[in-house]
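**Student:** Generate coordinates for the entire structure from the input sequences, incorporating the hints supplied.
Number of protein chains: 2
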Amino acid sequence: MNLLLLHPDQRLDGDRWRLDDRQATHVRSVLKLAEGDHCRAGLLDEGTGQAVIESIKNNEIEISFKVDSKPVFALPLNLLLALPRPKMLKRLLVDAASLGIKNIVLVNAAKVDKSYWQTPNLKGDLLREKLLLGLEQAGDPVMPRLRLAPRFRPFVEDELDQWAGPGRRLVAHPGPFPELPRGLDEPATLAIGPEGGWTPFEVALLEQQGFGCHRFGSRILRVETALPALVGALMRLP
Amino acid sequence: MNLLLLHPDQRLDGDRWRLDDRQATHVRSVLKLAEGDHCRAGLLDEGTGQAVIESIKNNEIEISFKVDSKPVFALPLNLLLALPRPKMLKRLLVDAASLGIKNIVLVNAAKVDKSYWQTPNLKGDLLREKLLLGLEQAGDPVMPRLRLAPRFRPFVEDELDQWAGPGRRLVAHPGPFPELPRGLDEPATLAIGPEGGWTPFEVALLEQQGFGCHRFGSRILRVETALPALVGALMRLP
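Going line by line, the protein sequences match chains A and B. Basically the numbering used here = 1-based index in the first sequence + 1. Basically the numbering used here = 1-based index in the second sequence + 1.
These aren't lab readings, by the way, just hints derived from the structure by calculation. Take these hints with a grain of salt, some might be off.
No copy labels: a pair is met if it fits in one copy or bridges any two.
Subject to a maximum C-alpha distance of 30 Å in a straight line, what follows is the list of computed DSSO-like cross-link-like pairs (lysine-lysine) [said to hold, decoys possible]:
no. : residue 1 : residue 2
1   : K131      : K88
2   : K91       : K33
3   : K71       : K91
4   : K91       : K103
5   : K71       : K33
6   : K115      : K33
7   : K115      : K131
Quick caveat: nothing in here was measured; it's all calculated off a predicted structure.
**Tutor:** In structure tokens, the structure reads:
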């Protein structure tokens, strides 16, 4: 946790805030701060600033804090991700948020196991908690927008174009395709398939929406290895 | 598991091999293969080929298999990694092996918690098991060389130069440094520090061995996110 990320509900009054249990435990046990000490904090979707530990009573910690810098360095990359297995999903959301991705759709695909859509991990609170961990890691206060698209075709045909907006549209796909471009710092949308890949039908529908296939080496990577590797290759990290 | 990776000990005679318990369970429960079916297999450090399921008796599976392709696509990248916390280490080794890294040193650093060197995870068998998972994932039969360097300075001063060999030497380090180069397909050595980074003293010792500092965006990433992102950015994946 490189940023205490505060929710508006945590404001007591003015510049005074109360940490939640997890934050308080972190401040005491990991950062080992005492009254009067400083640390970085942020207000969700607003910005960051310096916080001062005002009082510590048992696990109740109050701080003073004011936003003094606007959030910067979002990654202009939209991520269209075939819903991964639940255990991977957690890690992928932390990674995506820490890399600065602000726009994520988890989409169905033929090779997505149906059971993945039934998992309790898809509850909004749990997804949000993982994104929050990524933001805290990267020192970024801006929560990514995440949506679920449990039906591939209607999403791709009716909504993808508007969701993806301007910029290049790329599918990471094994085969005799051009290599993935490198070091972009302009908007782009990246589609990452399930284990086993997109089907030809799915690729064709994506191509109709302006996506182009690009290869990324010949090794078969787990999605949780592929995501940071693809993002690192494709984008100039801000 | 995209490759059944066989150890020489598993040979029965000639082209006949017996799967170990984990492989047999995978063949039956995940791949759901029957007698006569084919799948990819490899012989450790030798090469890959097509295997045929010859007999399945309970969880005892025998296959026929012969190496017919030599291993390809290793990544010409050496990884000097400050020993991460045990939980991260497992994931990092799977990732490093699946990305094709063949040369890894886990080194001490001032900000590596001393307790990390005491963990049972550092036993050779466990480290090797994680590397194996990465190889199976990527379909690569060649086990990376992994060594532990629990003393930073003697390793860096006396052994690093020879270990790293020819090619660029890079430290990923926040600060006003040149950006990380991109898409290399020549030999290189990458040094990744602990949470909290290398100390100036450590950086100075690395610089004496020809390492140059490079920045990689301004976001603070977990090591397990940073490793694939750095490798994806730096190297052209084979």
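**Student:** Indicate, hint by hint, whether the structure satisfies it.
**Tutor:** A quick look at each hint next to the structure:
Both within a single protomer and between protomers do K131 and K88 lie at most 30 Å apart by alpha-carbon distance, with minima of 12 Å and 17 Å respectively. In this assembly of identical chains, K91 and K33 lie within 30 Å of each other by CA distance both inside one copy and across copies; the values are 28 Å within and 28 Å between. In the homo-oligomer, the alpha carbons of K71 and K91 lie at most 30 Å apart inside one protomer (28 Å), although the nearest pairing across protomers, at 37 Å, exceeds that limit. Both within a single protomer and between protomers do K91 and K103 lie at most 30 Å apart by alpha-carbon distance, with minima of 16 Å and 28 Å respectively.
In this assembly of identical chains, the alpha carbons of K71 and K33 lie at most 30 Å apart only when taken from the same copy (27 Å versus 54 Å across copies). Proximity of K115 to K33 under the C-alpha cut-off of 30 Å is restricted to the inter-copy arrangement: shortest distance 18 Å between copies versus 45 Å within a copy. Both within a single protomer and between protomers do K115 and K131 lie at most 30 Å apart by alpha-carbon distance, with minima of 22 Å and 29 Å respectively.
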